[in-house]
Each structure stands twice: as C-alpha cells, then as structure tokens.
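Build out the structure end to end from the sequences listed, making use of the hints.
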Amino acid sequence: KNEVEQSPQNLTAQEGEFITINCSYSVGISALHWLQQHPGGGIVSLFMLSSGKKKHGRLIATINIQEKHSSLHITASHPRDSAVYICAPRTGNQFYFGTGTSLTVIP
Amino acid sequence: DGGITQSPKYLFRKEGQNVTLSCEQNLNHDAMYWYRQDPGQGLRLIYYSQIVNDFQKGDIAEGYSVSREKKESFPLTVTSAQKNPTAFYLCASKRGLRTLPEESYGYTFGSGTRLTVV
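Residue numbers (our numbering), protein chains in the order written: chain A, 1 to 107; chain B, 1001 to 1118.
FYI, nobody ran anything at the bench for these hints, they're computed from the structure.
Since we're looking at a predicted model, the values are computed, not measured.
Glycine included, C-beta positions come from ideal geometry on N, C-alpha and C.
Any given hint could turn out to be false.
Among the chain A residues that face chain B by a calculated CB cut under 10 angstroms, a handful are [unchecked claim]:
| hint | residue |
| --- | --- |
| 1 | Asn2 |
| 2 | Val4 |
| 3 | Gln9 |
| 4 | Gly16 |
| 5 | Phe18 |
| 6 | Leu35 |
| 7 | His38 |
| 8 | Gly42 |
| 9 | Val44 |
| 10 | Met48 |
| 11 | Ile86 |
| 12 | Ala88 |
| 13 | Arg90 |
| 14 | Gln94 |
| 15 | Phe97 |
| 16 | Gly100 |
Here it is in structure tokens:
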C-alpha cells in the first residue's frame, strides 16, 4: 500500500493553462513538501506547508490536514514548468515520497 | 553560492565492484540524507546522519555503507552486496538538530548521481 498517492501520473498541457496536481496521503504528518525534479534529476524544494495555502509566483500549494490532501496549482503554465512534481509528506525526519506527476507544457 | 554538490552526475561500474558516491555541502547543515529513486517509484531513504560521526539506517540500507567524518561530507558506498544497484541516488541536507518551526524551509537537495552497473 502506498502512503502517498498522486494524480494524475502524467499531464500534458498547453502553454497558459491552469494546472492542478493532487496528493492524498494516509500517514499522520508534521509537514508536506512539494518538490520539482527536472529531467537531469536535480530536485528543488518548492514548498513546505503544514496548513492552509502558500503562493510563490505562479505556484500555489494548499493543504487540508483533516482530509489528508494537498494540491499544487500552476497558473499560466509555461514550457519551463515541464518537470516531475513530487509530493512528500513528512513526519519528523521521515519523508514519504509520491511517485511524482510528470508535467509537459507544450508551447 | 551555498548548496549540495554530488559527483559524478553519471557513473558506470562493473558488477561486483564497490563504488562511492560523493555528497558535499557548504551550507553548514547538520543533517544529511541519502535517497534512492527507481523508475516509477518514489524516493526511498537509505541512510541519514544528524551529526558528525553518527548515522542511522533508513528503509533500504542493505548493501550500502556511509561515513560522516566531516560535517560537510556524507559519502555513500554501494557495495557488491547490493543486488540492484542501478538507480538514481539523491543526497539532501537539513539545518538544525532540533525540529524547526514548521513553516520554515531547511531541506536542500543535490542534483543526484545516476549509477549504472553493467
């Protein structure tokens, strides 16, 4: 059983579209991270949140602790947003990683 | 600029050989982590270290060894006992020994090493 489920697994969008990636988890957590993995493999931490909503530029992350669900939204998507987005709930030092959502944004 | 350096980016080794992956950070972070990623799977924890000269096994430590002789370095050795060593290996670090305020960041990830054993 996976502790973390992401949907969709693959997503293709036209440039400019609004994108939503969903994450559901079954474990109790202290925080949840959204990570971005580029084709070369390097990972960037986009957000860490434990409640509510955070916004960085065109990226918005929300979390509902009671429902054990988080979403990552990308407004006005751009080809440079093409990457794998990984949901990673965390308890203390223990991460639970989703398998990722592969996003391709077409010009 | 501060960050984590993993080298090399791509590594090829013959089956049965031990290989050591480098992870260096100049962030003055206390904790360091090694993860493994296989196609279609999430990252899995191999080993972590919260302080120099101390480290703990993660979920899939068998066939791996680590050392933490210096704060800035946490090398991972993939031994010949590791049955399926071909994978993407990611190093991460985190500042602070105690739990940080939850709204703060603190985790930094390296760019990874892709190991292929032939």
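Verification of the supplied hints:
| no. | hint | verdict |
| --- | --- | --- |
| 1 | Asn2 | holds (8 angstroms) |
| 2 | Val4 | holds (7 angstroms) |
| 3 | Gln9 | holds (9 angstroms) |
| 4 | Gly16 | violated (29 angstroms) |
| 5 | Phe18 | violated (26 angstroms) |
| 6 | Leu35 | holds (7 angstroms) |
| 7 | His38 | holds (9 angstroms) |
| 8 | Gly42 | holds (4 angstroms) |
| 9 | Val44 | holds (7 angstroms) |
| 10 | Met48 | holds (6 angstroms) |
| 11 | Ile86 | holds (7 angstroms) |
| 12 | Ala88 | holds (8 angstroms) |
| 13 | Arg90 | holds (9 angstroms) |
| 14 | Gln94 | holds (8 angstroms) |
| 15 | Phe97 | holds (3 angstroms) |
| 16 | Gly100 | holds (7 angstroms) |
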